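Taken in sequence, the protein lines are chains B and U. Under my numbering, the first residue of the first sequence is numbered 861, with each subsequent residue one higher. Under my numbering, the first residue of the second sequence is numbered 27, with each subsequent residue one higher.
In short, the hints are calculated from the structure, not lab data. Note that the structure is predicted; figures quoted are calculated from it, not measured. Ideal Cβ placement from N, Cα and C applies to all residues, glycine included. One or more of the hints may lead you astray.
To be verified - Using C-beta positions, here's what the derived DEER-type ranges look like: (1) A1249(B) - A433(U): 50 to 60 Å; (2) G75(U) - W950(B): 50 to 60 Å; (3) D973(B) - E400(U): 46 to 56 Å; (4) H290(U) - V1206(B): 50 to 60 Å; (5) G398(U) - A1181(B): 33 to 43 Å.
What the hints assert, rightly or not - Okay, derived cross-link-like pairs now, DSS-like style, lysine-lysine, Cα gap no bigger than 27 Å in a straight line: (6) K1233(B) - K1344(B); (7) K1344(B) - K1326(B); (8) K1347(B) - K1233(B); (9) K956(B) - K440(U); (10) K416(U) - K956(B).
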Amino acid sequence: MSTAAPASALPSYDDAIARYEPVIGLETHVELGTVSKMFCGCATAFGAEPNTQVCPVCLGLPGSLPVVNEAAVRFAVLIGLALHCEIAPWCRFARKNYFYPDMPKNYQISQYDEPLCTNGWLDVEVEGEIHRVGITRVHMEEDTGKSLHVGGATGRIHGATHSLVDYNRAGIPLVEIVTEPDVRSPEVARAYVDELRELIRALGVSDVRMEQGSLRCDANASLRLRPAPGEPDAPFGTRTETKNLNSLRSVERAVRYEITRQAALLDDGERIIQETRHFDEGAGRTSSGRSKEEATDYRYFPEPDLTPLELSAEYVDEQRAALPELPAARRARLIAEHGYTARDLVDMRNAGVLDLVEQTVAAGAASPAAARKWWLNELARRASDTGAAPADLAITPADVARITVLVAGGELTDALARKVIDGVLAGEGTPDEVVAGRGLAVVADDGALTAAVDAAIAGAPDIAEKVRGGKLNAVGPLVGAVMKAMKGQADAATVRGLLLERLGTS
Amino acid sequence: MTDHPTSPVPAPAPSAVGGAAGSPGAAGTAGGDTVRLSAAATAAAIAAGELSAVEATQAALERIAKVDDTIHAFLHVDAEGALSAARRVDERRAAGETLGPLAGVPLALKDVLATRGMPTTCGSRILEGWQAPYDATVVSRLRAADVVLLGKVNMDEFAMGSSTENSAYGPTRNPWDTTRIPGGSSGGSAAAVAAFEAPLAIGTDTGGSIRQPAAVCGLVGVKPTYGGVSRYGLVAFSSSLDQAGPLARTVTDAALLHTAIAGHDPLDSTSVDLPVPAVVAAAARRDVRGVRVGVVRELSGAGYDPGVRAAFAAAVETLTELGAEIVEVSCPHFTYALPAYYLIAPSECSSNLARFDAMRFGLRVGDDGEAGAEEVMSRTREAGFGPEVKRRIILGTYALSSGYYDAYYGQAQKVRTLISRDFAAAYEQVDVLVSPTTPTPAFPIGAKVDDPVAMYLSDLATIPSNLAGGPAMSLPAGLADGLPVGIQIMAPTFADDRLYLVGGALEEALDDRRGHPLLDEIPAL
């Protein structure tokens, strides 16, 4: 059963998609950020000592029984509502039976044919175009423990001498979000996961950290021939499922690789084998995992230890009313109210400053543009220099708002404002206190400035002569000399004006 | 369904026979007589200072030492724990505290309930030596009621069986005839009570595992309404059917124990949040005039021994004499109960027993440093489970498999619904239903071990109540060829008190007619 690579060389991606249309669906697991586990009272904190957050229930000891965590149900309902799903007034848990050492009961409590949420959608924007991705279902389940394979070179089970199991993760609540096969490109696949992550973060129901596994994605992909003009679409091809993609970039790369791999096989007249595949980030390739043909029969049946979940319409309405502003609505509002571009919003979000910018505007910033500029250009850089998040900097949105006001009023130059930021970050007080303490206010006038201008002209007669002769751009070194003499506490534009005036050219 | 008055009954004055000291026949308090006291009489004697809890416990321990080599009811005797619990009761009494109605009464626990400080084996090699790090809710309620836990008693492995021959630790013997089975799966519980090793025992009932042993050992056994007693800590055989309940020598004793263990438990999602039915008061009422009793046509004809039928008919006749109205009712789908049960119970067990995999607790076989986890799981399960357990795991795995689910598990669930409807229709005509508890008296050890289907037929009459969830009691009806047989009383869900109302009155009338309790006829050991 060699399916790893086709015989001939892979076609280019562009060549592949010119002939084949990719059909992509995504399954995303999200760990919910509840205080306790799905079916017991154990803590859920990440990174605790192995097997310290366990009890008879999540260890599956004989006689123990599960009890549903109401907070987890509420979080799942919020996700379903945010994805425009129908919330089932009655649903059940089911047992998914299979043996694995990190599964305490050797069955997972999940949902099968009666999920909590069905039939929703999420709009995803890529390069100005909106793609609507259908959501088939959102269901609840419990996470498994984690196996640690010891003694091998790679940490993988192959070559290991023994394995250790940490059950801290066993029983952490998960939702699985399954899309329709609506996605047609790796870029949209990536953008979907990105948007979903934003959405769930905005709901505050998970920390959605892909690198810690609190959001994990499986990508199903198949190809079909593009129809000739006027012809109907071809039926879907056989799909593969690439498991456990743990970054946005991996989602895109893995799907892109599968497209070229499958195209090469189809070009050779071979069939695609339905199977799970693993993505090797280093090599940028997928490799065969378990074939569906030899897959486990999970023998689902309704979980007899739990009663069906019945949610009243009032309850669902309450949750709907409690939904916060969702990312798409927020973006529309920020564009309309603050004049940002879509690109600005992406930049601010990627830099982790969007909330801070909004708070800065709310705190009375001189303008939304100024708030954006200072956070995105100056503060985000300083944060990344120290490895901190912008939100963790020792400067508040109110401080930044005050600085933008001082700059707009001409009381600070950009250069001076940076020094004020230095002072605030160094704990010297509010911006006004730093201005006073360090003596950073712009010197707008007269005596000292006029003297500095005259001294600069006197100190460089050759340059002064050039400027008098009409070469206005030659004034730069004189501006520099004045600014130096003023220790930066002057406005460069003002200085330039004064110099040109004195040299009789303005 | 909150309060459950036994509405059809005109309220009579409480009978004088009720009350704490209602056990006839054994008034003495010393030695051999102490162990023959009912639980109510034991508790009353302790409360009155006529008997200490330590004496009662000591007497039970001595009886166990004397007869259990023959009976083999106990898998584990916790003499030290029992005596120290008894001492605490005596100290508290001495300090003037008011004690509960079962304080100081010794009890035998079926070895399927997680119990701190004792092994919990479920009658299986796979759990040999395992100690649960927590108490089942039933166990913690018994401790809270100051009941003295003598130890753990034998059972068919994981409660699968009707004879206790499926225990990995050897069969238990019926105290009426030690060549015969004590019933199962709660055979250790029944034998311990019938052999006067304990006045009370906890059993569990998935398809008749309390009622059938009670019937063949001449005891009162009750399966409460599903959801009435917490399953937390009851090692699951079939989650949607399992229910713990009392085994006792009298209806009143069963009612006291039922009350001690019942009630809502937030740790069990299937436990119902309703008041516990007033079973002790119902047991004391002794008046069934006007109660409508339905005889289930499908549970009395072919397949039932003549002796069983005769004793049952006599008991029904007694109810008539007591003023009950007897009607014959038909529950046509009961015919399908046994096959439906043998799809649902194995299906659930195939999943419930998956956790016995050598990874976290219990037996581990073949971990030689070479074998992988899957291989160790497989070797352990091969060595650790007995043949009946394997048979049911395989049956259930098959029934749940893709392509077969609808035809087997799905179909069985539909039958279950039809059986519930049969019950509902019957209870529109009558207040309780009755039938023989078992088709035969106790059979000889070894008689049915090679014929699983014949063994399964032992539960013909008891299974419908498990499938529908309603409560049911087995009460001694009489003897057939010198062996006890039972009459089963069934009631609607959450009307457990009706069992005790009818059971209490019938017990009194049968004892009066006989001149003594049935158990007085048990041969000396």
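Hints versus structure:
Remark: the range hint 50 to 60 Å for A1249(B) to A433(U) is upheld by a beta-carbon distance near 57 Å. Remark: the range hint 50 to 60 Å for G75(U) to W950(B) is upheld by a beta-carbon distance near 57 Å. Checking the proposed 46 to 56 Å range against D973(B) and E400(U) shows it is violated: the Cβ atoms sit about 29 Å from each other. Look at H290(U) against V1206(B): about 53 Å separates their beta carbons, and that is inside 50 to 60 Å.
Here the CB-CB span from G398(U) to A1181(B) is close to 53 Å, at odds with the stated 33 to 43 Å. For the hint pairing K1233(B) with K1344(B), the CA-to-CA distance comes to about 26 Å; that is within 27 Å, so the pair holds. As the CA atoms of K1344(B) and K1326(B) are separated by approximately 21 Å, the hinted pair is consistent with the 27 Å bound. Restraint check: the Cα-Cα separation between K1347(B) and K1233(B) comes to about 25 Å, which is no more than 27 Å; the hinted pair holds.
With a CA separation close to 22 Å, the supplied pair K956(B) and K440(U) stays within the 27 Å bound. The hinted pair formed by K416(U) and K956(B) meets the criterion: a straight-line CA distance of about 20 Å does not exceed 27 Å.
Taken one by one, the earlier hints fail for this structure at numbers 3 and 5, listed in ascending order.
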